[in-house]
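Knowing the structure of chain S, use the given hints to seat chains P and B on it.
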Amino acid sequence: MPEPSKKEENEIVDEGIDVGVSRLTEDKIQSVINSVIDAETGARLKIYVDTCIHCGLCSDSCHYYLSHNNDPAYSPVGKVKQTIWEILKKKGRVSPEFIRNAAIIAYTQCNLCKRCAQYCPFGIDIAYLMLVVRRIMHKLGVTPLYIQDTAHSHSVTMNQMWVKGDEWPDTLQWQEEEAQTEIPNLRIPLEKEGADIMYSVIAPEPKFQAQLIYQTAIIMNVAGIDWTMPASVGWDNSDMAMYTGDNEIMGRLKRAHFETAERLKVKKIVMGECGHAFRSVYDMGNRWLGWSMPPFTIVHAIEFYHDIIKEGRIKIKKKFEQPITLHDPCNVVRGAGLHEKARYVAHAICEKVIEMHPNREHNYCCGAGGGVINTGPPFKMTRIEGNRIKAEQLFSAKTKGARVLIAPCHNCHSGLHDLVHHYEIGLDIKFFGDIIYEVMEKPELGREGK
Amino acid sequence: MRNIPLIALFFLIGIIVTINVGWAQEDMEVVDNSVFENHQRTPSVFFHDEHNENAGIDGCAECHHIYEKGERLEDESSEDQSCSDCHNLEGGDGQPSLIKAFHGNCKGCHLDEKKGPILCGECHVK
Amino acid sequence: MHTFYNFVSGPLTWIAFLLFFGGSFYRIVNMLFLVNKKEKFIFSYMSWRYSLRSIFHWIIPFATTNWRRQPVLTVITFAFHICLMATPIFLLSHVILWDESFSISWWTLPDVLADVMTIVVILGAIYFLVRRLSQPEVKYVTSASDYVILTIVAAPFVTGFLAYHQWFAYPLIMCLHVLAGNIMLAAIPFTRLSHMLFSPFTRAYMGSEFGGVRNARDW
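Chains as they are written, first to last, in my numbering: chain S, 10 to 459; chain P, 2 to 127; chain B, 149 to 367.
Looking at chain S on its own, in the form it has when it is part of the complex:
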């Protein structure tokens, strides 16, 4: 049977993967693989592989498969076949070249979005199988360079973006001063023990998108929330180690995050509009630390906005006029069921909401999640070409009148931005926070101050 050609992968140069592969021998590969399989996997891996009846019914769930004209090599089970089946069949004795291909598949051709789990009649968790492959790759030292750099940053600085110790409070102070031009008595309370809420963000916010912290400060202030942010490590809720397969660092990060909340004696953690961080705090990191559910109430920004709008803590002055369409981020929709709350917020702040299809927990992934966008420039086109189907979905929403795309997740935001740009769809992309900041009622004094 002719195997579909996957030429483009051989042309990709990723120093992390290629240098890692150059150091491997079959003996080393086999011993590492078997140590992972023996020590870290159990019934799930065995039963999933033994139960799969090779029916291919997961194929239609995957945006990579659909975007590559139904090329079976991109179907979820096709990716399992090229990785874990072969690994198990050969009892771990596979070639370095095989490892290279498996790493590219697991890190860049699967967003771990779990849509396939909804399509498999047996509920086989294919994303889990891909995570096992990533764990093996991490242990083999075959990780894409760019995402490995963020994992290094996590390890050294406890944040994703090499933000240095003093840069963090400096950035908050800077945004506080900026926001005071609008609301003179506004504060971003640092280290306030006993506050109701600890607000945590991902490191790219202070690094590149400080205005998001500004907007949040305004919203918190107007809503009269008793909140705080930590001045020390633990402020970053992001977690790329989770996606490289470095579970130990994932555990350190989440422990720091939870312990910071504990130290500040807050009632709950509210986090910004980020999907993977939510997955890390709510689903994966907590489990690694032994918590079946997070030790703190974790409130994602969508839910937080929903609550403060519903409770009347913020009022909408004038709804956002341009028709919007709403992207459902996997990690908070398929991962936490926030889709109806997202719609509540969207309808509360926008004149017109145009649904894209499929939606809610059957949404198509943005193509950036699962750490794929963090593998950086070498795989940018893998991600964009692998999600033509999302571009078509966005385009169809646009033809129905949508002008603005709300993506309440950082990775989705960036990934969709690349899609919109590449496929020339022409949609503005915004966070909920951007629009809420724009349409909410703010104190008159603040307005005069501006």
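Some clues are possibly wrong.
[Unchecked claim] Subject to a maximum C-alpha distance of 25 Å in a straight line, what follows is the list of computed BS3-like cross-link-like pairs (lysine-lysine): (1) B:K186 / S:K100; (2) S:K55 / B:K185; (3) S:K99 / B:K287; (4) S:K37 / S:K98; (5) S:K100 / B:K185; (6) S:K324 / S:K277; (7) S:K201 / S:K173; (8) S:K55 / B:K186; (9) S:K216 / B:K287; (10) S:K389 / S:K407; (11) S:K201 / B:K188; (12) B:K185 / S:K98; (13) S:K148 / S:K98; (14) S:K55 / B:K287; (15) S:K100 / B:K287; (16) S:K148 / B:K188; (17) B:K287 / S:K90; (18) S:K148 / B:K186; (19) S:K319 / S:K276; (20) S:K100 / S:K37; (21) S:K327 / S:K407; (22) S:K55 / S:K90; (23) S:K451 / S:K326; (24) S:K319 / S:K451; (25) B:K186 / S:K98; (26) B:K185 / S:K148; (27) B:K186 / S:K99.
Don't read these hints as lab results, they were simulated from the structure.
For chains P and B alone, coordinates are given in the frame of chain S:
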């Protein structure tokens, strides 16, 4: 005149069917299955005299047995009765149902003797 | 013929049933031990409510998104699996054998209906074969073992169909039928036919994760 082959075919089928039925009526003997209202299988093929000659069965009671209180009465036989006089369709009271009685009587003996038909279709011939 | 038939329907059938029940029990207990040993956390997520919710959606035709997306496959796979399970259990000839051997019996299918159901299984198997050979996404992940297990499942029905109609060498077909049935039974716990045993568990776990943690539908 293209219909000639077709007509010929019908004739041929008709002849074969007639001959078949004729043979069956002449030579075949089957176990009476009229008590089964909704029987699923063809009646069991059974050539009474030929069978007994081959099997060397002399006494009627060999098959046409009589049981009393679970004991088989050696010197009594029941060839003047129908099997269904004793064995009803459902069975009960330690009495095998009619189907089970037939099967036990024929197949049971064949298994014991390691001779004769034991597969469904060997008696219930289509 | 007596000797061969007695062998396949006697000792061999005992062995097949022992392997089927014993093997199934072993595989499930083994799985639970493994979960207990290495992934104990799974127990803490299991929920009867969400397990059953998920299982019910997936065992009802067209109750899930993917069943609705694949109407032909859905009709065929449900018909195939229902007939596959029900025909041997409620077949008159089989129940008569149970009655003769162990004096236990239960409701039976009319032979004509059982015949139709057998044809459904055979046609279903042919459909799956054609699907494997012709659909690229299925063909890509197909290995020799997939054809083997399909054959193992189809064989008792093909031979049973031939035996019922008494075509070809009836006594031989009949013995092959018993043999094929025994092979299928014995193969269930030890091949990927074990999806019969494990799919309720995998479904239940995914249902529990989606219901209890993810607050989302897994259908």
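Outcome of the hint check:
A hinted pair counts as satisfied when its Cα atoms are at most 25 Å apart, and B:K186 with S:K100 qualifies at roughly 20 Å. For the given pair, S:K55 sits about 14 Å from B:K185 by alpha-carbon distance, which is consistent with the 25 Å threshold. Annotation: proposed proximity of S:K99 to B:K287 holds, straight-line Cα distance about 21 Å (limit 25 Å). Among the hinted pairs, S:K37 with S:K98 is consistent with the structure: their alpha-carbon atoms are about 17 Å apart, no more than 25 Å.
Restraint check: the Cα-Cα separation between S:K100 and B:K185 comes to about 22 Å, which is no more than 25 Å; the hinted pair holds. Straight-line distance between C-alpha atoms of S:K324 and S:K277 comes to about 23 Å, which keeps the hinted pair within the 25 Å bound. Between the alpha carbons of S:K201 and S:K173 the distance comes to roughly 21 Å, so the proposed pair stays at or under 25 Å and holds. For the given pair, S:K55 sits about 12 Å from B:K186 by alpha-carbon distance, which is consistent with the 25 Å threshold.
Under the criterion of a C-alpha separation no larger than 25 Å, the hint pairing S:K216 with B:K287 is inconsistent with the structure, at around 48 Å. A threshold of 25 Å between alpha carbons decides the hint, and for S:K389 with S:K407 the separation of about 24 Å falls inside it, so the pair holds. Restraint check for S:K201 and B:K188: the C-alpha separation of about 38 Å exceeds 25 Å, so the hint is violated. Of the pairs offered as hints, the one joining B:K185 and S:K98 holds, with about 24 Å between alpha carbons and a cut-off of 25 Å not exceeded.
Distance restraint check for S:K148 and S:K98: the Cα-Cα separation of roughly 20 Å lies within the 25 Å cut-off, and the hinted pair is therefore satisfied. The hinted pair formed by S:K55 and B:K287 meets the criterion: a straight-line CA distance of about 23 Å does not exceed 25 Å. With a C-alpha separation of about 24 Å, the suggested pair S:K100 and B:K287 falls inside the 25 Å cut-off, and the hint holds. For a cut-off of 25 Å, the pair hint linking S:K148 to B:K188 stands: about 24 Å separates their Cα positions.
Between B:K287 and S:K90 the CA atoms are separated by roughly 12 Å; this keeps the pair inside 25 Å, and the hint holds. Restraint check: the Cα-Cα separation between S:K148 and B:K186 comes to about 20 Å, which is no more than 25 Å; the hinted pair holds. Using a Cα cut-off of 25 Å, the hinted pair S:K319 and S:K276 holds, with the two alpha carbons roughly 20 Å apart. In summary, the hint linking S:K100 to S:K37 is supported, as the alpha carbons are separated by about 13 Å, within the 25 Å threshold.
A C-alpha spacing of about 23 Å is found between S:K327 and S:K407, which places the hinted pair at or below 25 Å, so the restraint holds. As the CA atoms of S:K55 and S:K90 are separated by approximately 14 Å, the hinted pair is consistent with the 25 Å bound. At most 25 Å may separate the alpha-carbon atoms for a hinted pair to count; S:K451 and S:K326 meet this at roughly 9 Å. A threshold of 25 Å between alpha carbons decides the hint, and for S:K319 with S:K451 the separation of about 17 Å falls inside it, so the pair holds.
This hinted pair checks out: B:K186 and S:K98 have alpha carbons roughly 22 Å apart, not beyond 25 Å. For the given pair, B:K185 sits about 23 Å from S:K148 by alpha-carbon distance, which is consistent with the 25 Å threshold. Restraint check for B:K186 and S:K99: the C-alpha separation of about 23 Å stays at or below 25 Å, so the hint holds.
Hint compliance for this structure: hints 9 and 11 are broken, all remaining hints hold.
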